[in-house]
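Following the hints, position chain B against chain A.
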Amino acid sequence: MEEVLFFAAALGALGGAVGVIAMRNPFYGVLALIVHLFSLAVLFLLLTSAFLAAAQVVVYAGAVMVLYVFVVAYVGGGEESAWEPIPGQRLLAPLLGLALVAELAIAVLASSLRALGSDGPDVAAGFGDPASIGTLLLEKFLIPFEASSILLLLAAVGAIVLAGRRREETA
Amino acid sequence: MSIEWYVVLSALLFAIGASGILIRRSPIVILLCLELMLNAGNLALIAFSRMVGNEQGQIFALVVMVVAACEVVIGLGLIVAIFRRRLPLDVDALRELKG
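Those protein sequence lines, which keep their order, are chains A and B. Quick note on numbering: the working numbering labels position 69 of the first sequence as 389, and the sequence is numbered without any gaps. Quick note on numbering: the working numbering labels position 76 of the second sequence as 110, and the sequence is numbered without any gaps.
Bound-form chain A, shown alone:
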């Protein structure tokens, strides 16, 4: 059962990722990314991290993707021109991607981490549920938690400064 779910979710994640870079229209790219994010949430559940799977669906597929859809609708999905500033870029880029896969695969397969081939240790029933993540976040990792809240505030202010309408434009 676990294998079936893993391969279904892995296929969804890979298909969504390929869809993002293959679709000419950015709007379809955003939709492909939503498929990818849902598949990743299933994989997170298989790795017994229920809270992160829920956060993935609510924060990414819910909030961030809505932002993308709004901006794509506002800007309009234009087609890219066929002009290549670097000759052979379209050919070279997939080759470099394949080289990266080969390098990472060698690093994983030749790793001396013995636990990599196992299913991981047996964990208690509450592993990765909201209660345990919340306890960790508010006790052990309080300073990173506060720092990320400041980062979010700065990003919100920055976005308003960047995209806000200027006085002279409205006048």
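FYI, nobody ran anything at the bench for these hints, they're computed from the structure. Each hint should be verified, as a subset may be incorrect.
Distance condition first, Cα-Cα at most 20 Å in a straight line; then the derived SDA-like pairs of lysine to any residue [to be verified]:
#1 A/Lys460 <-> B/Gly87
#2 B/Lys132 <-> A/Gln409
#3 A/Lys460 <-> B/Met99
#4 A/Lys460 <-> B/Val98
#5 A/Lys460 <-> B/Val100
#6 B/Lys132 <-> A/Pro407
#7 B/Lys132 <-> B/Leu56
#8 A/Lys460 <-> B/Gln90
#9 A/Lys460 <-> B/Val86
#10 A/Lys460 <-> A/Asp449
#11 B/Lys132 <-> A/Ile406
#12 A/Lys460 <-> B/Ile93
#13 B/Lys132 <-> B/Leu112
#14 A/Lys460 <-> A/Pro450
#15 A/Lys460 <-> A/Ile470
#16 B/Lys132 <-> B/Leu121
#17 A/Lys460 <-> B/Val97
#18 A/Lys460 <-> B/Phe94
#19 B/Lys132 <-> B/Ile64
#20 B/Lys132 <-> B/Ile55
Have a look at the derived ranges for each label pair, beta carbon to beta carbon [unchecked claim]:
#21 B/Ala115 <-> A/Gly454: 36 to 42 Å
#22 A/Glu322 <-> B/Arg129: 46 to 52 Å
#23 B/Ala115 <-> A/Ala430: 43 to 49 Å
#24 A/Ser469 <-> B/Gln90: 17 to 23 Å
#25 B/Gln90 <-> A/Ala476: 25 to 31 Å
Backbone N, C-alpha and C fix where the C-beta goes; we use that ideal spot for every residue, glycine too.
Okay, now just chain B, sitting in the frame of chain A:
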């Protein structure tokens, strides 16, 4: 499923995102490819957290999600600002800062 499968899948997803950044020239699609790479990193972090049997890796992944959300907000703000000034939405045409 052994942890190896998840790590190899995350490597594949990361490489797809990286080659997407190299191929595409629309800034929106480049932001989408950045999301792919960050999510591949998240998958690896959670897989390793499961391998060790410790939840601290999941906190790390949560912080990555926060940083990704900030990056999206700033990136989309820049795209809207570029669009307002009627500049072309093409990373090769926006080369004023090129040395």
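Which hint numbers does the structure go against, in order from smallest to largest?
-> Checked against the structure, no hint fails, so every one of them is satisfied.
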